[in-house]
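> Protein chains in written order, with our numbering: chain A, 491 to 730; chain B, 28 to 295; chain C, 105 to 428.
Worth flagging that the hints you see were computed from the coordinates, not collected in a lab.
Keep in mind the model is a prediction, meaning the values are calculated, not measured.
Heads up, the beta-carbon is just placed ideally off N, CA and C, and yes, glycines get one too.
Do not rely on the hints blindly, as some may be mistaken.
Unchecked claim - A partial selection of chain A residues facing chain C, derived with a Cβ cut-off under 8 Å:
1. Glu532
2. Gln564
3. Gly566
4. Thr568
5. Tyr621
As the list claims (entries may be wrong) - Output of the computed footprint for chain B on chain C, the stretches with three or more beta carbons under 8 Å from beta carbons of chain B:
6. 220 to 233
7. 237 to 245
8. 258 to 268
What the hints assert, rightly or not - Pulled from the structure, derived: some chain C residues nowhere near chain B, Cβ distances all over 10 Å:
9. Thr110
10. Phe273
11. Gly300
12. Lys403
13. Lys405
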Amino acid sequence: MPERSYRFSSAAYSKILSHASKYSCSTVGGVLVGRSEGKGGEVTYTDAFPLFHTSILPPLLKVAFSLIEQYCKQEGVTLCGYYQANADATTTMNVVSKAIADRLTANCNFAAVFMLDAEKVPEGQPALKCYAGSRGDWSSVSASRVHIGEDVIDSAGEYISSERYVDIVDFDNHFECPELDWTNPEFTPTTTATTADEGESARRRRPRGSREGVTEGMGEGGQEGGGNDGHSDSTRALVD
Amino acid sequence: MEPITLDENICYYVLIPIFIVCIMVSFLRQKILVVLKSDTKVDLKEVKNSQLLTRAKVLRVNADFLPEKAFRSRKAFFNKKDTGAFWNPPDTPNPLQAMATQDPTQVMGMLKSQMAFVILNGGLAYWVHFLFSGFLVAKAPFPLTYKFKFMLQRGVDLSSLDVTYVSSLSWYFFILFASGGIVSLLLNLRGAPQHEQEAQDIQAMDMINPMMGGMAGPTAMPGMPGSQPDLKKVYQQERDNLDIVSHDFALATVEQRLVQKWTKQKQH
Amino acid sequence: MDEAGTQMTLLRKLKERMSTRRPDEILRYGSQLLRRYSNRLHDELYTILEHVLLAACDMGHRQWIDYCMSALRSKFAGSIRLRRLEGMVKEAQGDYQGAKQIYQKILEEKPEDMLTRKRFIALYKGQRRMAECVDYLNKYLEEFVTDTEAWHELGEIYISDNCLSKATFCFEELVMYDHRNPYYVITYAELLYATGEYELSRKYYCFALEMDDRNTRALWGILLANEQLHGSKVFPIASSAASPATDKPPTSSKRKDGHGSSSAANSPATQSVTPSTTQSSSTREEHTARVLTKMALAKLKEVYVRVKGGHAQSTLAVLQDMGA
Numbered sequence: 491m492p493e494r495s496y497r498f499s500s501a502a503y504s505k506i507l508s509h510a511s512k513y514s515c516s517t518v519g520g521v522l523v524g525r526s527e528g529k530g531g532e533v534t535y536t537d538a539f540p541l542f543h544t545s546i547l548p549p550l551l552k553v554a555f556s557l558i559e560q561y562c563k564q565e566g567v568t569l570c571g572y573y574q575a576n577a578d579a580t581t582t583m584n585v586v587s588k589a590i591a592d593r594l595t596a597n598c599n600f601a602a603v604f605m606l607d608a609e610k611v612p613e614g615q616p617a618l619k620c621y622a623g624s625r626g627d628w629s630s631v632s633a634s635r636v637h638i639g640e641d642v643i644d645s646a647g648e649y650i651s652s653e654r655y656v657d658i659v660d661f662d663n664h665f666e667c668p669e670l671d672w673t674n675p676e677f678t679p680t681t682t683a684t685t686a687d688e689g690e691s692a693r694r695r696r697p698r699g700s701r702e703g704v705t706e707g708m709g710e711g712g713q714e715g716g717g718n719d720g721h722s723d724s725t726r727a728l729v730d
Numbered sequence: 028m029e030p031i032t033l034d035e036n037i038c039y040y041v042l043i044p045i046f047i048v049c050i051m052v053s054f055l056r057q058k059i060l061v062v063l064k065s066d067t068k069v070d071l072k073e074v075k076n077s078q079l080l081t082r083a084k085v086l087r088v089n090a091d092f093l094p095e096k097a098f099r100s101r102k103a104f105f106n107k108k109d110t111g112a113f114w115n116p117p118d119t120p121n122p123l124q125a126m127a128t129q130d131p132t133q134v135m136g137m138l139k140s141q142m143a144f145v146i147l148n149g150g151l152a153y154w155v156h157f158l159f160s161g162f163l164v165a166k167a168p169f170p171l172t173y174k175f176k177f178m179l180q181r182g183v184d185l186s187s188l189d190v191t192y193v194s195s196l197s198w199y200f201f202i203l204f205a206s207g208g209i210v211s212l213l214l215n216l217r218g219a220p221q222h223e224q225e226a227q228d229i230q231a232m233d234m235i236n237p238m239m240g241g242m243a244g245p246t247a248m249p250g251m252p253g254s255q256p257d258l259k260k261v262y263q264q265e266r267d268n269l270d271i272v273s274h275d276f277a278l279a280t281v282e283q284r285l286v287q288k289w290t291k292q293k294q295h
Numbered sequence: 105m106d107e108a109g110t111q112m113t114l115l116r117k118l119k120e121r122m123s124t125r126r127p128d129e130i131l132r133y134g135s136q137l138l139r140r141y142s143n144r145l146h147d148e149l150y151t152i153l154e155h156v157l158l159a160a161c162d163m164g165h166r167q168w169i170d171y172c173m174s175a176l177r178s179k180f181a182g183s184i185r186l187r188r189l190e191g192m193v194k195e196a197q198g199d200y201q202g203a204k205q206i207y208q209k210i211l212e213e214k215p216e217d218m219l220t221r222k223r224f225i226a227l228y229k230g231q232r233r234m235a236e237c238v239d240y241l242n243k244y245l246e247e248f249v250t251d252t253e254a255w256h257e258l259g260e261i262y263i264s265d266n267c268l269s270k271a272t273f274c275f276e277e278l279v280m281y282d283h284r285n286p287y288y289v290i291t292y293a294e295l296l297y298a299t300g301e302y303e304l305s306r307k308y309y310c311f312a313l314e315m316d317d318r319n320t321r322a323l324w325g326i327l328l329a330n331e332q333l334h335g336s337k338v339f340p341i342a343s344s345a346a347s348p349a350t351d352k353p354p355t356s357s358k359r360k361d362g363h364g365s366s367s368a369a370n371s372p373a374t375q376s377v378t379p380s381t382t383q384s385s386s387t388r389e390e391h392t393a394r395v396l397t398k399m400a401l402a403k404l405k406e407v408y409v410r411v412k413g414g415h416a417q418s419t420l421a422v423l424q425d426m427g428a
C-alpha cells in the first residue's frame, strides 16, 4: 500500500472541530471529500460533511452517502475519508467507524479514517489521528503524514472562539428540518469573521481558542481536570 | 308547605364561617401531615411487582402496535407455562402474620395520620354541632327524594321538613368531602409542589380523604404499604387477561392507508 | 422594561435547551440569567441553578460549579436531590469512588430511589466499563421494568456496539410504551431495516408518516425499504449509484414472490393481470409499493423544491434519478 500523506483544508478542519464542539457530549461523525494527486500522491481534503450526532444506522447513512456523492459529482471531488469524535475521547476505531470505513474503501482506494484527539485541540495542535487500510484491516498512520497547517488550525479556532461553531449543520439536523444546509457554505474561510462587538478585538488578543462570552465578571480561574466527557475537553479548555 | 325564609345572618354567620373554617382546617391538616409524616418504607418487591403488572397491562393495550413476533415473545415471557413471570408469583405472607410482624415505624406512621384525621375532623364536627346545632343553613335549588333527608338534615329531626333544606352539620360534612379540589388549589397557590414527595402526598390524601370521612377511623386502609393483595389471584387474573388478547397488527395495511390518505389530500 | 424583555428572552432560550444536551449553550444563557437576574427568578431560580450546575460539570467550569453548589446548599442542605448532585459533581471531576460512596449512602436511606440507582450506570459509563454497565442496566431493568429512560439508554449502547437485535428488542419496548413518539418509531424502523426486516421497517416508516407526513427520514426510509424489497421493479431507474455497497442485492428480498412476474421492470404503469392468486397478490404488493414510492418521491420533491441552497439541488437531482 502506497504511503500516502493527507492534507486538510481550512473548510474541512473547521467543520470537523465545529461539529465536535457543538455536540461535545455525544459521538459525532462525518465524511471527508477531496482528491488525490495521482497514484500514491497526497490526498487533499477540501471539505467535510458532518453526518450525525445520534446513533448511526444504515438508512440514514445510505441517503447521506447518495446525496453527498451527487454533490461530489458536481464539484469533481471524491468521497474519500471519514472522521469521528468519540464521546469518551478515545481515539481507537470502533465498530461503527470500521463499518463505514470499509464501505468507503469499496469505492475509493485511498480512503482514510480520522479520529479526533480532543486533548490536542486546546493546545492548538493537529488533533486528528489517522488510520489507513482496507476492509477489516486498519492501521494507524504516523502523525507526520497528516498535514494540518497553522493557518488551518487558527481559522478553525476562530470558529470556536467566536462561537460560530453552533451554526454547523449535520444530516441529523437536516433531516429534522430540510431547510438546514448540510453543505455548510458559511464555514468556508473565504468569509472572514466580521462581528464588530467590543469583545471581538479583546478576544483576538487572548490566546487562541478562548471564549469570553460565558465568563464576564467571573474573573480568571483554574481549569477543571478529569471528567468523563471526552471531547468536551476541547470546549472546556476554551472557557476560562 | 310554605318555603321557609332563612335569615340573611345565617348566611353570613353560619354558612360562610363553616365553609371557611372547614377549608382552613383541611389545609392545615395537609400541612401538619407533611410535618408529622415519617418516611414510609417502600418495599422494593412491591415496586417490582407493580411495574411488572403495569408492563403486562401496557402490552395488552398496545399489542397491536408491535409486530406479531415481538408480541408473542413478550406474551410468552409472562404466560409461558411454568417459566413465565405470571406462573411464579412471589409468596404473599399470611395477612395475619403480616399484621403481627409489621414494622413498628410503619404502624406509628399510620397511627399518626389516623390521629390527625380523627382529632381534627372529630373536633370540628363537635364544634359545629355545639355552636350551630339546629340551624338550617341552606336550601338545595333542585328537588330531592325523601331518602336524602337523612343525609342533608343531620341533627335536625323534623320529619315534616322539606328535604331540600340542609342543616349545619350536613353542610359541614358536605364541605368536608367537597373541599379536596379547593384545598389542592390553595396548596398549589405558591407554585407547583417543590418536591416529588409533596405531590404524591397530595394525591394520596385526595384519595384517602373521601374514603375516610373523618369518622371511619383506622379500619379502612386503602393502598397503604402493609396491605398485601393476594398476588396469586392477581397474577392468575393477569395471565387470563393476557391469554385472551389476540394480536391484530395495526400496521398490516398501513401502506394502503397512507396511500389513500395522500390520494385524498391531493384531490383537495 | 427592556431588562424584563432580556430576562424573558434568556429564560426562553435556556428552557428550549434544557431538555437537550447542549452544556455550552445552557451555561451561556444560564450564567447570564444568574448573573443579572437572580433576584427576580423566584421559584425558577433553583431549577436554573441545577441545570447550570450540570452544564458547568460537563464543561469543567470550576467557578460555576462552586457557585451553584453553594447556592443550592444554602437552601436544600442535606436533601437527597442535593446529595445526588454532589455525587454528579464528583463524577465530573473524575472521583468515581467518592461519587459511588455518596450514592450508596443515599440508597441505604431510600432504596427505591431510581434516579440514584441510575447514577451507577453513569459511573460505569464514565469509567468506560461498558460490559458491567450493560450488565447493571439489564439487572436494573429486571426490577424496574417500566423505566423508559433505561430502556433507551440500553438500546443506544447496543446500537453503538452493533448488537442490533438486542437494540431492536429495547426499541420494541419503547414503541410499546409510547407508540406515538416518532423518534422511537423511526429508530425502530431503522433498526428493522438494519436487521433485514424490510417489510416491517416500511410499515413502521408509514406509521411514522401517518403521524407526521413531512417527516423526511420516514420518506427516505420508505424509498430505501422499497428498493430493497422490489428493486428495479419499483424504481424506473435502478439507483445503484446512489447506494454504494448495498448489503443485499435487490432481488434477494424477504418476499415469497418467486415467479419473477412479468410486470415490467421499467415501466411503473404496467400491471400484469395474472391468473394465479399468489401472483396477483404479489403484483398487488408491487403495485402498492410502486404507488407508495411514487408518492413518497413526490412528497420529498415537494419539500425540497421549496428549500433554497445548493444542497437542495443535489437532493432534487438524486430524486430525479429515482424517478420523481
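> Enumerate the violated hints, using their earlier numbering and listing them in ascending order.
1, 3, 4, 5, 6, 7, 8, 10, 12
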